[in-house]
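J.: Could you build the full structure based on these sequences and the hints that come with them?
One line per chain: the protein sequences are A and B, in this order.
In terms of my numbering, the first sequence has 43 at position 43, counting the first letter as 1, and numbering is strictly consecutive.
Heads up, my numbering is the position in the second sequence plus 1000, with the first residue counted as 1.
Hints listed in this document are in silico derivations from the structure and should not be mistaken for laboratory results.
From chain B, some residues computed to sit far from chain A (all C-beta separations above 12 Å):
1) D1023
2) L1026
3) E1067
4) M1207
Straight line, CA to CA, 30 Å or less: simulated DSS-like cross-link-like pairs of lysine-lysine:
5) A:K183 to A:K53
6) B:K1166 to A:K27
7) B:K1079 to B:K1027
8) B:K1027 to B:K1012
9) B:K1166 to B:K1079
10) B:K1124 to A:K27
11) B:K1241 to B:K1027
12) B:K1079 to B:K1153
13) A:K231 to B:K1166
14) A:K231 to B:K1124
15) B:K1027 to B:K1166
16) B:K1012 to B:K1241
17) B:K1153 to B:K1166
18) A:K27 to B:K1079
19) A:K27 to B:K1153
20) B:K1153 to B:K1124
21) A:K297 to A:K183
22) A:K53 to A:K297
23) A:K27 to A:K231
24) B:K1079 to A:K231
25) B:K1124 to B:K1079
Here a beta-carbon is modelled for each residue, glycine too, at the ideal position from N, C-alpha and C.
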Amino acid sequence: MSAVQQETTVTANPTADAESRATRLMKRRSRVRFYEIVIWLAAIAAYFVLPSKMLILTEIAILALFAVSLDLVLGFAGIVSLGHTAFFGFGAYIAGLLALHFIAEPVIGLIVAGILSGVLGLLTSFLILRGSDLTRLMTTLGIGLMMAELANQMAWLTGGADGLSGFSLNPVLGLFEFDLFGKTGYLYCLAVLFIGTMIMRRIAFSPFGLSLKAIKGNPMRAAMIAVPARKRIVTAYTIAAVFAGMAGALLAQTTSFVSPDVLAFHRSADVLLVLVIGGTGYLYGGIFGAVLFTLVKDWLSVVTPQYWMFYIGLILVVLVLIGRDRLARWIEYLPERFSKSKEEGR
Amino acid sequence: MSDIVLETRNLKRYFGAFLATNDVSLKVERGARHALIGPNGAGKTTLINLLTGVLPPSEGQVFLEGEDITSMASFRRVKRGLTRTFQINQLFSEFTPLETVALAIAEREGVGHNLWRSIAGYGKVVDEAATLLARFGLASVMAERTVILPYGKQRLLEIALAFASKPRVLLLDEPAAGVPEDERHEVLSIVSDLPADVTVLLIEHDMDLVFSFANRISVLVAGALFTEGTVAEISADPRVKAVYLGENA
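T.: Here it is, written out as structure tokens:
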């Protein structure tokens, strides 16, 4: 805008003008981007334009929330995890069990599942504080596998390999009944994704969010400006677990079914892949990635039903070969006009 | 008589078999402008790393205001007023200088854990950050990404960032390295303008700077404390000259 004009006033009186300008410059970083509005409008439009695609849209919304939650630890704090589905699956089982035995109100089930997943996240967060990326990958992988095995062994509670079924949910908030076509389910998931993303967005521009990025960017310097890294990582991991658990709960509630597959390793890998595709550290990477990943997966499984996993693997290999660094910055390779606004968002 | 603010006792640090810090017992008085000099490889940076907790010592202790901080985490030492700059810039490449400094101030003010309010909402923090940046001549670039700034500007940000924590003991590891010649004295004059009770420990190769800035000098050679004294004593000491001429002539 009037950058030149600002520049001249600054030279005239560096201190006084720099101050009022500073808050404006700081606010500029957190203002709503054009692409954000587009993506939410598109998501609502999809409800009207693609009435027969509710199930895949719901799947995308759930995966997106799951990915956005992982972005908080991976993209912001720089903590790698191969076991994020531990929280997704845990949330799904909690939601399923609640609906089966206690309360069929989806929103209450969602919140309880989120809180309990957060507790699990808090308890396991201490395991990821020590060691390098490699140890963290192994630890988180281990947590994920242990959860899967627990669900499998505790058949009296979880239904074992058969999973949990035979539960149905009351209308959302007593108003919107789940229908056969999944229309309510999609809007419900979309609403939760929206609220979740907005909460994460607030966190992203808070001092806390900034400190997470500092820990990722340069842990040694972060310590030298008094950032208590361990405390911050524990908090971020817990929040991420809450939202991952909610994503799992959404899956259980919209499908009225919880299978042991919610804790399967491939889910942890998928959600990482989603972030690799969409880009990390600006939240919407999880959403873009979820859309692309689900569409590509869906398309491949139609085109080549037997070998689609091969192509997913191939895409992963290519993405990794191109390089993690360039991937995280794929937006910069777009033409200037598109990249400008997103660029600042990170 | 003396009020010792920072002290090491028999500090040792091995890297494998190599003794990088050899039995250093150093005392720094409150308000001192204390310089640490020595030829390349004398272990100056290692000593700073031991003082700030970047590295744990193999043996010995570190005291800050009489309290044993040998095993205290770095961020807690900063909270107690001990901070530093790095010889090689350690910045957040994707942050703007404004965000970088504002975060440091937010942490100092104890609001760094707030995850609900935007950092832009902390008007005082942001304004203080802007004022500090302006003092270091960074007002015009405060909203640029750090990674694209020229080296000299990054260097100034490195030093400004240490100021943001309002240290009571400031360790400067070759602050003038990479700063253009004509701006060096300006940087050091900002450091000199610190309140009299703020203690500064300076590592520097530029002897003119050291002699104009410091009131006390310790000489480190091969990891061990070689000698210590006032500027007049050290500049007149033939042994110090020999050590330096032998190395960097």
